[in-house]
Amino acid sequence: MTETTRKTGVSRRTLLKSTAGLAGLAAGSGAITGFPYVMSAEPKVLRYLGTAVNEGDDISKQCLKDTGIKIEYITATTDDVTKRVMTQPNSFDVLDTEYFSLKKIVPSGNILALDAKKIKEFDNITPVFTKGETPGGKKIGGQGTAPWKVLYLEGKDSKTFSKTATEFVTLIPTVYNADTLGIRPDIIKRPISSWAELLNPEFKGKASILNIPSIGIMDAAMVVEATGKYKYADKGNMTKEEIDLTMKVMTEAKKAGQFRAFWKDFNESVNLMASGETVIQSMWSPAVTKVRSMGIACTFQPLKEGYRSWASGFCVSKGVSGPKLDWAYEFVNWFLSGYAGAYLNRQGYYSAVLSTAKANMEPYEWAYWMEGKAAEKDIKAPDGSLLEKAGSVRDGGSYEDRMGGVACWNAVMDENDYMVRKWNEFIAA
Amino acid sequence: MDTSEDILQQPAPDLVRGSETARPAKAARLSPSFISWLQAGPMMLVFLAFFLIPLVFVVIVSFWDYNEYQLLPAFSGRGYTDTFEGCIAQLPDLCTIAKTYLKTLKLCFLVWAITLFIGFWVAYFLAFHVKSKTWQMGLSLLCTIPFWTSNVIRMIAWIPLLGRNGLVNSGLMKTGLIGQPIEWLLFSEFSVVLALVHLFTFFMVVPIFNSMIRIDKSLIEAAYDAGATGFQTLVNVIIPLAKPGIVIGSIFVITIVMGDFITIGVMGGQQIAAAGKIIETRVNALQFPAAAANAVILLVITFLIITMMSRIVDIKKEL
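Protein chains in written order, with our numbering: chain A, 1 to 429; chain B, 1 to 319.
These are computed hints drawn from the structure, not numbers from a lab. Some hints could be false.
As the list claims (entries may be wrong) - Taking lysine-lysine and the DSS-like style, the derived pairs with C-alpha atoms no more than 27 Å apart in a straight line are: (1) K248/A to K99/B; (2) K174/B to K204/A; (3) K106/B to K254/A; (4) K99/B to K264/A; (5) K189/A to K103/B; (6) K103/B to K248/A; (7) K304/A to K189/A; (8) K254/A to K103/B; (9) K103/B to K204/A; (10) K138/A to K156/A.
Use the sequences and the hints to build the structure in full.
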């Protein structure tokens, strides 16, 4: 629905010029060497379907410069990305999507697993994805659709997830993060340490939760468990009774006027927080950064029950083959080679291959974003705007602490259909 | 469809004049009914291709089965039974779908009543008090101002006005009228109705104005001469003659509000259920048959309302 095709990187005019140049060059070189070299004149274009998270203009520009591959972004919301894969698998080449949607996408047969052997840095991918632990050896909570559960397929055209490592990878990991509640410390004025605070009557009419069922239900489950009302066997795969119970707790809070609003879109969450309509709510890391960059105090509060995590990665449409498939591999390899990873790290996300990202970041940046140390210099966003002044420390601290503190992952449950109905009921209550 | 054909077949003064001037030149041999079909044809084809056929598909899909990732083209009433889940078991409490429709109908009624009231008087002013055609045009164009900005921007702009720390609240607090900010100004039924009225009054003004401007001024003079008071003239002359406009405007407003989920979502802080919202959630969860079933239910209910309204006024005849 909210879908725009952004042609980034180069304008049509410069593209025309450069392709004309290339064609001229090809023709010229052909004339000299006697080579009818058509391939070099064909522009390498990949249509890239995904949410806005990874789709930076700088990334596509750098990619064009380094590899000659022109990326055409097709931006959609998480739900719309999945819808598009289901209904129009030929409308994109490379897919950038979240692991939890694999439970829907893989059985449809509309995507092609990638070959791990052709991914140069595959062995350097963080163990978060392959083993479910941090590089420091901390075990990560695996409730929900944790990436390592759905990373491998049993065979090339298999629709079954493999429990052991195979060379057929569903999504080559790119970016992930650990989410928690955002708060306004200037208004709350006391320490917040538990998800249960979201339902604390103290914040009546000033709390919010996100209205995307498959993510919102996980936040709700974190809250219910934190209040001590119930302990789930697996928050990411609830039974019908557990869904009923979770929604009952949330519905009671809603009826009592606990929530100011629910949000659905990044900017809504920023507006609610910045305007003071809410003081505690589910939030995403860059939204917190955005509120802070408006000069308003906002903390991405680490909580004792842990984080709700998400991860996304690349695969290709089943319609991609021949040279296009080679470009897709070339692009994925480029993406993991450092520039993009550093770019994502600087936004507060995490990159899948840490070593290459580190090589592309200044040591003080790495220390701030990844090691949880106080910033030696001012921390700047990829576009050069000031994010944090020297001396500040990242909320939640280091990579080890944040990823090591993950309790669950965004999920598609077996009872998804039932859950969606109950979620509608919650909204209607 | 048939309304438009009837209009064309009836000797409406403008059309007859138009076809008479055209006839001697070219279309002398074409029968009038053929010309009517020709005129209505393009619209009919557009309707067929982009409305009726998709609608048939929606109805068909609403009876299919589905799983997590695909439609299963086998007959199933699951889309409907799921929708009405708990409606009998939960009695006397209302089930989700009943609650949602009650809420949607309530919002719809409020918006309809308010837009009708405001729209009627705006149209009245434009038709009877503004004498110059230019001013009439200019002023009715002013009514379109709410449409100059995008939906999203318009919604976000309400926050600084109605929010907890917004203009209205801080103004009232400064004057000492209230001690604490009024919470129900935003993300409430009040704000939903306000935003919808703000948007859709225009759809009332235009058809009512259109009806009023066609009222023969000598009728009003006659009423005055016969000793009718202003109020009697309004009730016995103007309102009956403006009825077609009122009904058309009402149909516009009701159909739009019944299907709206964006405005209700944003202004209601996503906390107020709407019939359209259920469809959106289902589509996002890739449960297309369930979404289609809900769309069919919404269509039937809206259609019933419209039918009731056209019982009150025979639009075909009035036009």
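Violated constraints from the hint list, given by number and in increasing order:
5 and 10
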